[in-house]
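Trainee: Taking the hints into account, I'd like the entire structure generated from these sequences.
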Amino acid sequence: MVITVVDNYPKISETDQRLRRAIAAWEDGKLGDDELERVYDEVTEGVIREQIEAGVELVTDGQVRWDDALSYLARKLDGTQRGGLLRWFDNNFYFRQPVIVGKLRRKEPLVVRDFEKARQWANGVPVKPVLTGPYTFAKLSLNEHYKYFADLLFDVAAIWNEEAKALQAAGAPLIQLSEPAILFHPEDASLWADAIRRVVDGVSVPFALYTFFADASKVWDALMALPVHIVGLDFCSGEDNRNAELVQVGFPPDKVLGYGIVDARNIKPEPVSELAQRIEWVVTVVGADRLHVNPNCGLEFLPRTDARRKLETLSAAVRLVRGK
Numbered sequence: 001m002v003i004t005v006v007d008n009y010p011k012i013s014e015t016d017q018r019l020r021r022a023i024a025a026w027e028d029g030k031l032g033d034d035e036l037e038r039v040y041d042e043v044t045e046g047v048i049r050e051q052i053e054a055g056v057e058l059v060t061d062g063q064v065r066w067d068d069a070l071s072y073l074a075r076k077l078d079g080t081q082r083g084g085l086l087r088w089f090d091n092n093f094y095f096r097q098p099v100i101v102g103k104l105r106r107k108e109p110l111v112v113r114d115f116e117k118a119r120q121w122a123n124g125v126p127v128k129p130v131l132t133g134p135y136t137f138a139k140l141s142l143n144e145h146y147k148y149f150a151d152l153l154f155d156v157a158a159i160w161n162e163e164a165k166a167l168q169a170a171g172a173p174l175i176q177l178s179e180p181a182i183l184f185h186p187e188d189a190s191l192w193a194d195a196i197r198r199v200v201d202g203v204s205v206p207f208a209l210y211t212f213f214a215d216a217s218k219v220w221d222a223l224m225a226l227p228v229h230i231v232g233l234d235f236c237s238g239e240d241n242r243n244a245e246l247v248q249v250g251f252p253p254d255k256v257l258g259y260g261i262v263d264a265r266n267i268k269p270e271p272v273s274e275l276a277q278r279i280e281w282v283v284t285v286v287g288a289d290r291l292h293v294n295p296n297c298g299l300e301f302l303p304r305t306d307a308r309r310k311l312e313t314l315s316a317a318v319r320l321v322r323g324k
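For what it's worth, this note's numbering labels the leading residue of the sequence shown as 1, then goes sequentially.
For the record, the hints were derived by calculation from the structure and aren't laboratory data.
Hints may contain errors.
As the list claims (entries may be wrong) - Below, simulated BS3-like cross-link-like pairs (lysine-lysine); rule was C-alpha separation at most 27 Å, straight line: (1) K117 <-> K76; (2) K165 <-> K218; (3) K117 <-> K107; (4) K30 <-> K76; (5) K107 <-> K76; (6) K218 <-> K255; (7) K147 <-> K107; (8) K76 <-> K147; (9) K76 <-> K165; (10) K103 <-> K147; (11) K103 <-> K165; (12) K30 <-> K117; (13) K103 <-> K76; (14) K165 <-> K255; (15) K117 <-> K165.
In this text, all values refer to a predicted model and were calculated from it rather than measured experimentally.
Mentor: Spelled out as structure tokens, the structure:
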């Protein structure tokens, strides 16, 4: 059993406004690129330290440099332009839509340098780099270049495969793909499954694929057939969430479950005893050795103090289960 997080973490806290002030000063021409980069580094180091202090055993860099799930990656690709703001699924958060205006090419590493920095600050705690999944990236972009969506998707997958190989060479122990969009498009299952296969091709490092914002009932069979080591599921979103039922009936014996049981979109804290009971249940179903325990999605929807408190509560629940 491993305590982990999904992808992002709150960048700005109630008491630490450094990053917000630095970005505003940089936009006004009052702060240079090097100074802004130093603030990004300091905040990222603090976010990693906060995760570790809260009990997380497999951390991310918190995606501190990311404005949203797409634009950070898009600006590192040839063939894209900045588009307008769109709502990020059913959340009160927005993303800058990439506009695809030419053939996509990777003009620089996407997250390799971020991973290398994060590993230095984690003091031996494993760090997993995270990429927005190829289908989510392609589906939420505005395509003004490719004749067919599949051509766009598979070019994204080829670039992600190139990045995955670079991450493997850099020593990544695990690579996560965040793919919420696949849950809402079962009609494209053959396409997104093919894209994932292309991303992982030739890469020996294990992959985790995390879904969130809904249960996986519409895509279960296709999702479980993907060539990934870990499948992350959201057990919090939706009034009729069937993920627990689906896991109990047929979670594959060759996969690890990413068990998303802390609601990262609700400020209300979960009782430690309740989380411990849910963890005890899932251990009887999949086994402790095939379990990553985590929030249901990224924590950036929450104030930073609440995000940390959620992780501390999750860690306490895991310790309670381990102690029995």
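Trainee: Which of the stated hints cannot be reconciled with the structure, identified by number in ascending sequence?
Mentor: Number 2 - this is the single hint that the structure violates.
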